[in-house]
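Peer 1: When you get a sec, could you build the whole thing from the sequences and use the hints?
For the sequence shown, the working numbering gives the first residue as 814, with consecutive numbering after it.
One thing to keep in mind: the hints can contain errors.
[To be verified] Think about it this way: if two alpha-carbon atoms lie no more than 20 Å apart in a straight line, the pair counts; the simulated DMTMM-like pairs of lysine to aspartate or glutamate are:
no.	residue 1	residue 2
1	954	1065
2	954	1112
3	994	1017
4	1076	951
Hints listed in this document are in silico derivations from the structure and should not be mistaken for laboratory results. All values derive from a computational prediction rather than experimental measurement.
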Amino acid sequence: MTIIGTNPGGYLPPMNPSTPPDTDNSTGGIDRRELDATQLLGKQKCGDSRFDAGNRQNTDDMPDPGGIDKDHNTQIIAHLGSLSEDQVTTDIYSFMALFQKTAQGMRDTARMQRSTQLQTQVSALQSAADQMQTAAGERYKAGIAQGIMQVVGGVAQAGFSAASLAATVNGASLENQGNSKLADAAMSKDAGKPAADVHRLTTDGNNLIEQGKTSTAYGAFHQGMGGAVTGISGGIGGCITAHFNREADSADTQRARLDAQAKVAETGQQQANDAMQQMMEVIRDVREKLQSIQQAAIETNRGIARNI
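Peer 2: Pasting the structure below:
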């Protein structure tokens, strides 16, 4: 069966419907003549108006096919003929193997990254533990220093308190003795004793009272000095404690940084695990595709074998 417009000679409808062609009454008088390539070229060179479509350039202006470089075409054909099957075809198995190799390489890289991140995390955690130990040591030093200074202050206060007590007691005793002398002087005066004796007793009594007051004042002074020494020792202990606490806080800060570094390493390790899982899925998909291709090839061969 001949299909219009697809025969080897090419179908050319008439440009002038009034031309009496060989007609087929079944198609309403449409020209069914077929022209081969030689006849078509001849009519083009004869300037047949049927081949001048609109404003297209006339076929007489077309270059002569004889002007084509046949040697160049021959070289191209020879080069194409020299290509092997491997050079002009694609091996899907090679592509799949390349995909699997690439995925495996990325998986190995992710495994190395995971190992590195794990080592970094462990190192950071160990360093953080060392910083915790350092902070504990500094706080222990602060506690020892503060305790020592408190002990020193307590001992000093106890000593000054003892001295104050002794001075106060001595002062009271001297004042009692002085009052007794004054009483004796008054009695001697009343008894009509010599004025020299009365004067001596009065003088001795007054001196003893003054010494007693002085001793009592020393007692109060020692009491105050004990409180002052306790406060000074507490201040010194606070300064020493602050220094050690600062060192401990610095260690805590460094530990926090190391904890953050360990967290970052943990995140990197998780990302490496995810990458490894993704590459494993790619490798699994490649294997499944290869199995599917192989199975399809087997089924095709079976179908061919059944049809032979």
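Peer 1: Look at each hint and say if it fits the structure.
Peer 2: Consistency of the hints with the structure:
no. : hint       : result
1   : 954 - 1065 : 16 Å, holds
2   : 954 - 1112 : 83 Å, violated
3   : 994 - 1017 : 7 Å, holds
4   : 1076 - 951 : 26 Å, violated
The structure fails to meet hints 2 and 4 from the earlier list, while all remaining hints are met.
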